[in-house]
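S.K.: Using the sequences plus the hints, can you model the full thing?
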Amino acid sequence: MIGEAALMPQAGTAPLLTVEHLTMRFGGLTAIDDVSFYAQNRQITGVIGPNGAGKTTLFNCITGFYKPTVGRLALQAPNRPAYLLEQMEGFKIGQRAHVARTFQNIRLFTGMSVLENLMVAQHNKLMKASGLTFLGLFGVPSYLRAEREARDLAVHWLERVNLKHLADEPAGSLPYGAQRRLEIARAMCTDPVMLCLDEPAAGLNPRESGELNALLQSIRDELGIGVLLIEHDMSVVMQICDHIVVLDYGRKIADGSPAEIRADPAVIRAYLGEEEAE
Amino acid sequence: MTDATMNQTSRASDRTTKSPSIILTALKEAALTALLVFLLSILMVGFQTQAIQGQYLNYVTRFADVAWAIVIIPIGRFVIAIDRQGKSLPALVVGALGVIYLFGIGVCGVLGTADFASAETFKNIYESVPRPFDQPMVNVIFGLGALYILGIAIKSQVSAGQRRQTLEAREAAEARSAKIARNISTVVAPILIIGAVVLPWTPWGDRKLVDSLVLVLTYVMLGWGLNIVVGLAGLLDLGYVAFYAVGAYTYGKLSTQLGFSFWESLPLAGMMAASFGIALGFPVLRLRGDYLAIVTLGFGEMIRIVLINWQVFTGGPNGIGGITKITFFGHPFERVAPEGTTTFAQVFNVPFSSAHRVYFLYYVILVLALITNFVTMRLRKLPIGRAWEALREDETACRALGINPTNTKLTAFAMGAMFAGFAGSFFATRQGFISPESFTFIESAVILAIVVLGGMGSQVGVALAAILLIGLPEVLRQLELYRMLAFGGSMVLIMLWRPKGLLAHREPTILLHKHKKTQAAGAA
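Listed in order, the protein sequences are those of chains X and S. For the first sequence, my numbering gives the first residue as 583, with consecutive numbering after it. For the second sequence, my numbering gives the first residue as 3, with consecutive numbering after it.
Please keep in mind that the hints were generated in silico from the structure rather than gathered at the bench. Honestly, I wouldn't trust all of these hints.
As the list claims (entries may be wrong) - Computed list of chain X residues with no C-beta within reach of chain S, every gap over 12 Å: (1) 651; (2) 704; (3) 756; (4) 787; (5) 793.
Unchecked claim - If you want a taste of the chain S side facing chain X, the calculated C-beta under 7 Å gives, among others: (6) 384; (7) 388; (8) 391.
Claimed, not checked - Okay, derived cross-link-like pairs now, BS3-like style, lysine-lysine, Cα gap no bigger than 27 Å in a straight line: (9) 674(X) <-> 383(S); (10) 707(X) <-> 674(X); (11) 710(X) <-> 383(S); (12) 157(S) <-> 30(S); (13) 157(S) <-> 502(S); (14) 327(S) <-> 255(S); (15) 181(S) <-> 707(X); (16) 383(S) <-> 210(S); (17) 707(X) <-> 746(X); (18) 181(S) <-> 746(X); (19) 30(S) <-> 181(S); (20) 383(S) <-> 746(X); (21) 125(S) <-> 502(S); (22) 327(S) <-> 210(S); (23) 181(S) <-> 157(S).
For glycine and all other residues, C-beta sits at the position ideal for the given N, C-alpha and C.
M.R.: Here it is as structure tokens:
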């Protein structure tokens, strides 16, 4: 197969995220049914599928909002310890394993300023620097330096997403597209090894959508982290994804490069419906 | 009237043709209002029950008052109805007359009953003028109603021409009020602090006032402490007084059993209250909003009931008496020095005065309150404070960012409780006696009201609200019966005019464009 190289881990390099036999049941409903796939560093992995296919549930399992019923989620970032995400408590996946995510319905701290949103994202780092608040209370130089660095990182990302001029505005007052970008910037401020984006292009106009593509590609190429992307907008998916996983009714029905997915009869069936036997 | 019509030229023709029906609908509304007033007031106002010799119940009728109400209120309704159709002149006239007459004689009557030099003059004026209601305060209330009508009339006069720009106007007004709030915060705060520091040295700083201010400052401190939990972390705590009680009883026990001084037990009381805060925090970690409020309410009552029933340890309903009064770092404020000590008066070689203790207590609570304020302001700008606010905004997003919600909530509870513990320990040393009666739910409610009225998260707002809520009833003692009415009325008015609290304005904890503020100020 053509897409084999993208699908299988190359010799000597472990994949960033290995999902094995992931199953998530809610009572009698099986939202995800025995899904296995890889996500690589320096790749954008798209997760697509019709509504209700289990994409967001998959994300919630990976980012610790749900505990999978069955399965293994192994994360191995270069030069970092390995983690089994299914065994970790929710917030620790962000804290220790550095998996960052955004939400389908944007979840910013709307009353806080744009810059503050990005400072909150660096909480754990700053908390350590402030000596669990005690040193910070007295304004110790090492803490002040850490805060300055955190601010610089925040400004760096604000420049990347073109929001620097709005840094002091309340996040809730931003236009929709800007809020989407801010949420990505906030996720990037946590210093992630993997970025999980839940429909980042939803509600964006074509120009904004194009800017988003460029941003995600630059994140992939410059930082070398893995990006996991749920998206309905096929123009985004086909343009920027290196590897696509297709879900339908909780099952994986296809896995491969964009070209393969486009030609896959199972995918076409899932999206356009079964052909009537005539 | 011509002004009003000119302002609305577009609809002028409509109105002239419909003119009779305007008056008709207004009359209908007024008649309906009269009926409503009759139904509401005939039993509640028309009959007053009286106890005779504490045994029998009799009643007197007050039909004259009912009749006046049925005449006056529909007139108000009538002019409001006409004003709504675009003719504000009747409302203007009726409102102005009502304010001058009803409010004027009402205030004369109220002042006439007060206790000061020229009260007699006011009383004479009040009694010489014909008046609808005998009770002065009822006239005042009707006068306030007239003020409301006048306000409506003026507002519709002013806004008649600019109705189309409402959205921009509202946004501009919001920006303006935010700016005013910010300016008040920056200007008022230093004035309040300096005023508070020098007040006892000024001629107005007599013992009675300073004593009231000690109470006010205790509530300012409690308000600031609760502001951490409610205003910053967004955890609605209805049992805050429990931590106040823990602080007070910790000092009470340490003082009476182990002979600790105030300064020795102050940190211990804070730590004790903080650990109770964590103890409360654990079970309620998963709860949000209303559910959290119910559990904290229960926790507050639990503490009080334990204090009542654990006779052996807490003294039950009798409380703990004979708690060591505050000393000037070891020098008591006494006329005669206990053995082995020298009194404050001896040390400073001044004649003994019982006011010294009051003034010292005032400065102690001032410093404690300012420490609370300072620490809160610092914490807000530290990662923990930002995490509190983030948690208030969106807990799910916090989890996704790797923030430990458990620890964050617990620290908020612990910090808030610690300051309540300090305040409680101060309360115990001021009173010298504590009992469960001082720690009822109404205290929690008052502290929460201070935080909400002040504007959640606003430090100056909380201080102003505490002055208003605690200081006002003290000042209004002369009004006796109407004291609580004025108190409730002022709360309602604040919520009507400033629904987000007196000074609801959030200043970011970190600014990128530092010059922005000065630019905005320069442009204004």
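S.K.: Compare the structure with each hint and give your call.
M.R.: Evaluated hints:
no. : hint              : result
1   : 651               : holds (20 Å)
2   : 704               : violated (8 Å)
3   : 756               : holds (14 Å)
4   : 787               : holds (24 Å)
5   : 793               : holds (22 Å)
6   : 384               : holds (4 Å)
7   : 388               : holds (5 Å)
8   : 391               : holds (6 Å)
9   : 674(X) <-> 383(S) : holds (24 Å)
10  : 707(X) <-> 674(X) : holds (13 Å)
11  : 710(X) <-> 383(S) : holds (15 Å)
12  : 157(S) <-> 30(S)  : holds (24 Å)
13  : 157(S) <-> 502(S) : holds (22 Å)
14  : 327(S) <-> 255(S) : holds (13 Å)
15  : 181(S) <-> 707(X) : violated (34 Å)
16  : 383(S) <-> 210(S) : violated (38 Å)
17  : 707(X) <-> 746(X) : holds (22 Å)
18  : 181(S) <-> 746(X) : holds (23 Å)
19  : 30(S) <-> 181(S)  : violated (44 Å)
20  : 383(S) <-> 746(X) : holds (20 Å)
21  : 125(S) <-> 502(S) : violated (40 Å)
22  : 327(S) <-> 210(S) : holds (19 Å)
23  : 181(S) <-> 157(S) : holds (22 Å)
Consistency with the previously given hints fails for numbers 2, 15, 16, 19 and 21, ordered from lowest to highest.
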